[in-house]
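Visitor: Residue numbers (our numbering), protein chains in the order written: chain A, 1 to 304; chain B, 1 to 304; chain C, 1 to 304; chain D, 1 to 304.
None of these hints come from the bench; they were simulated from the model.
Note that CB positions come from ideal geometry on N, CA and C, so glycine has one too.
Any given hint could be a false lead.
Covered, in the sense of this in silico footprint (three residues per stretch, anywhere, with C-beta under 8 Å from a C-beta of chain D), are these stretches of chain C [what the hints assert, rightly or not]:
| hint | region |
| --- | --- |
| 1 | 89-101 |
| 2 | 123-131 |
| 3 | 236-248 |
| 4 | 260-270 |
| 5 | 282-290 |
A few chain D residues that face chain A, going by a derived Cβ cut-off under 7 Å, partial list only [claimed, not checked]:
| hint | residue |
| --- | --- |
| 6 | ILE236 |
| 7 | PRO240 |
| 8 | TYR290 |
Selected chain C positions facing chain D (Cβ under 10 Å, derived; list incomplete) [unchecked claim]:
| hint | residue |
| --- | --- |
| 9 | TRP16 |
| 10 | ARG146 |
| 11 | SER274 |
| 12 | ILE277 |
One letter stands for each residue in the lines below.
4 protein chains.
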Amino acid sequence: MAIMRLGRVEIGCPNWEKSIEYYKNVIGLIEVAREEDRVYLKAWDEHDHHSVILKKNDSAGLVHLAFKCEFASDLDLYEEKLNNYGVTTERVPAGTRLAEGEAVRFVIPTGQTVELYSEIEVVGNGLPLVNPDPWPDGLVGMHPTRLDHLLVAGDDVDGAVKIFTDLFDFHVSEQLVAGENNDVTICKWLFKTNTAHDIAIIKGPQNGLHHFAFWLDEWVELRNAADIMAKNDVMIDAGPTRHGITRGTTIYFFDPSGNRNEVFCGGYITYPDSPTITWTEDTIGKAIFYFERELNERFTTVFS
Amino acid sequence: MAIMRLGRVEIGCPNWEKSIEYYKNVIGLIEVAREEDRVYLKAWDEHDHHSVILKKNDSAGLVHLAFKCEFASDLDLYEEKLNNYGVTTERVPAGTRLAEGEAVRFVIPTGQTVELYSEIEVVGNGLPLVNPDPWPDGLVGMHPTRLDHLLVAGDDVDGAVKIFTDLFDFHVSEQLVAGENNDVTICKWLFKTNTAHDIAIIKGPQNGLHHFAFWLDEWVELRNAADIMAKNDVMIDAGPTRHGITRGTTIYFFDPSGNRNEVFCGGYITYPDSPTITWTEDTIGKAIFYFERELNERFTTVFS
Amino acid sequence: MAIMRLGRVEIGCPNWEKSIEYYKNVIGLIEVAREEDRVYLKAWDEHDHHSVILKKNDSAGLVHLAFKCEFASDLDLYEEKLNNYGVTTERVPAGTRLAEGEAVRFVIPTGQTVELYSEIEVVGNGLPLVNPDPWPDGLVGMHPTRLDHLLVAGDDVDGAVKIFTDLFDFHVSEQLVAGENNDVTICKWLFKTNTAHDIAIIKGPQNGLHHFAFWLDEWVELRNAADIMAKNDVMIDAGPTRHGITRGTTIYFFDPSGNRNEVFCGGYITYPDSPTITWTEDTIGKAIFYFERELNERFTTVFS
Amino acid sequence: MAIMRLGRVEIGCPNWEKSIEYYKNVIGLIEVAREEDRVYLKAWDEHDHHSVILKKNDSAGLVHLAFKCEFASDLDLYEEKLNNYGVTTERVPAGTRLAEGEAVRFVIPTGQTVELYSEIEVVGNGLPLVNPDPWPDGLVGMHPTRLDHLLVAGDDVDGAVKIFTDLFDFHVSEQLVAGENNDVTICKWLFKTNTAHDIAIIKGPQNGLHHFAFWLDEWVELRNAADIMAKNDVMIDAGPTRHGITRGTTIYFFDPSGNRNEVFCGGYITYPDSPTITWTEDTIGKAIFYFERELNERFTTVFS
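Isolated chain A (complex conformation) (with noise of 0.2 Å):
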């Protein structure tokens, strides 16, 4: 039993329709399912109903994010975990919104709303499960092979951190840290999979937004996430270039909406032994920008 995977984030979009259009056509996401206010994405690689739910909102940001269980006994036994340890939880009914099972939903001290949910509509990748070709035709845009992790803010992260870590079984892979004895947590980054980070969680503003991240494979196919940007007016946040953090390899950019975006390529690969890697902050620069050993305003400043 286990929390399997982030499965999906649900994101406010005030630019209603050039947000659609632009997770559709320029990252290239394929819409499973819409309603008055909600569109249903997914990763083309993704064989869940959807990942990405964008929500017709007043403001951007995050309206909540969800992480896939592997068996429905599992929300049980997380929420009796959760309530033991002192964290309000509700379950939210099967149906609330499209081919969505039942979830236990609760808040983190980072103010974001979290579901836990084990059952959704499975739909597919695109490829046949008998001798399948390794990619289909038709994909369009950046076209991400899926949802990959996001980073999270707020004011108490060493409290939502060990949420993560003593409930959900999540190591920290890297920690930024400030202070005279390096004793203060700007950020962690957490895994539960093999991925360098499913989650991270940063100082900032209440149930801040700082970006959700979508996976490419390969370096060269962030100079053609680039490329697309541009021939889109997409507005590049930074990169492309590398983390310290991770080794990974980045562009973070903005949706029409003013969420922030990344897609995401590399890293190592971790384990529940692997040790956790510390920051220092007089290197912050390097420690997110690798090659530009210094971050820009925007980067720092602004949440959604």
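Start from chain A and add chains B, C and D according to the hints.
Guide: Coordinates of chains B, C and D only, in the frame set by chain A:
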């Protein structure tokens, strides 16, 4: 608690001196320690003391393979499961080989000796744990980041697979089937991590080793690896090419002792809910070598 | 004044409809014009009206190849040189094929019909000449940027080479030699541009075509091209691999009419003072297929 | 007869020891010879004795640049053309610098000293001329294959360009223009080889050097180069990014003496009939840095 990864392989090397030289300078593994009849090697980005043991031997082939578990208590737990299932186990005392803690040893129905362990000396990956650069200087040869997976052969494939799926919670990512009703297993690919396979088991000579594989991050590194093979007169069996199975890209080649190596790159991410992909016998060429769409005879007949 | 480049090839296509469909959708050339028995195609980044003419024919093979000269006056100049050298020429009037100006036609000692021309309708590369993006939308298939080179066969290799070197100022980048004193020419690679070869001439059947090649910018595009071949059941002859000769990376494959195509990438830059590299017969495997270090029989025996 | 390529640059290096160390170990050029106040370097795949001369100097900047001609007689021919055009020339005797033959020297209207030469000692590229492997062992740093181009500044851009186009048969691949009628030249990119540019000339400080560039074969090598810059605390000015102009991908960075270097990769092929592409002032950001679509101030103001 769980198996975390394929932790090590021990490989018989009749062509002793040349094999050592090859794994160090052509593959680019790092020698960590040496005994009279064993050389202990690690890939640069691994933190544990070793992942490959070369064993001075009269014959090539697999001496043993081992999975690393998260906790010492996992050994008891898995041992009990194995015994209840009817598999005889023995304890390998700490210190039997260099740097290793205690292990549980057993033989799977295809004849391979498998060990489970949780303790091994940690030596690090050559980078500091504070403010590290993304890669160390001084790497040589193909310098893969890590041991990735192996393919073993034997008679009772389904019996061996059952141990991994039923007792160790591995999942089947892909299978190659034959027979009129596609109900004869030729090969199954199994994962415990989020990679496309940690071990695969194929119908073939008992206790056979088809190949073990090192991870390269990108397609371009396969070209570089092939250049290094050509410069060093390493015999290439197949590739650079793509697998239909796993979508990974690959080169197969032989060490000086006759063991088949692979450098492997890519493939999709897996989760416990990933569907099993099936390949039918009539597409076996495409399944194994997607570009060539036919097997060479050597590939299907040479095991060590 | 000078020959600027290999401007076009005209290719016999007995398998007419399938060949048209293949060059357009699998190779990804653009159809510019069509006649009863000819289809005119260009690679996307070429500016001239066409570089490949498919000719409805009873047999596969090269109908003619042509080099584009910088000035109309070059035709007179080369014609005089050819005639003085003892080569008979004829004038092909403008309008003989679509969009083309006048040409000087002659036959080289290996049997191929060669034309020199300077006028052809310019249609552009699909990008504006003011503030263009780096690539246009809507490309399909392998979409090479341009026709790169070809390899033709015949009996009198040295005789054919002499015309290119002595009359047209081509240089020999590489040669494959045989015989006790390495004085028998098997093949010579010739360049006029700064690429590793514009034409190569090999001992073989008179007026033979071994292959013509399209340019891809990067090794990763060869992988993509191979995927497209596999998805479309295109027969691959060899590759992806590297040539020892030119250092270029390559895939050889066949069109539906039996003409061998190549997608070629890389190779060094040449200048008139580049030294000629020699390959001896005993290393022919490595010379042609650097990774495999052996030729397949098909590669040395099949010409169209 | 013709200019074949940009043959060498001589660069002023006030920070003498660090600059030598940098060009050898960070860029990865090979030291061929050394005098009291000059170090002679070549990129690994160049055959001539040197392409970069470091000059111990009080100030950074370009001491001279030189083009290699095919024949000794080209010097007489170009000299006559220059003199007829009103440009004063002088002969630089063989042996003025190491390994070099005689040169014709003159100053272009933007203030740079230019030399034409045809003789220089040939030392080879480290690979045999018979049966060579594709690359030699022992390369360090970014190890570009060759010097590619440079961008110089001065007041009379059109005057300098005319010498290259009218006397030396260079062609304009791209131009950046300003003014109400787009008739003011800011910069022109010129080619004589089939690359996108051999030299570019921009409005700026007289006898200014904006940068000189080394060739890398692939986008992935730019990432590697950027890693090496970060590991060696080399200041990056911009990149990895793409140029709108030439489509090439690039990193700009500074040597320890304050000269701007570039590693450049890609760009289209050119021929004498390639159309000139024009960029208008309002798109200057996209023209120079296609991804960022804005210039940094340093890029437009710092020359050496």
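Visitor: Hints first: check each against the structure and report whether it holds.
Guide: The hints, checked one at a time:
no., hint, result
1, 89-101, "violated (count 0)"
2, 123-131, "holds (count 4)"
3, 236-248, "holds (count 3)"
4, 260-270, "holds (count 3)"
5, 282-290, "holds (count 4)"
6, ILE236, "holds (6 Å)"
7, PRO240, "holds (6 Å)"
8, TYR290, "holds (5 Å)"
9, TRP16, "violated (31 Å)"
10, ARG146, "holds (7 Å)"
11, SER274, "holds (7 Å)"
12, ILE277, "holds (5 Å)"
Of the numbered hints stated above, those contradicted by the structure are hints 1 and 9, listed in ascending order.
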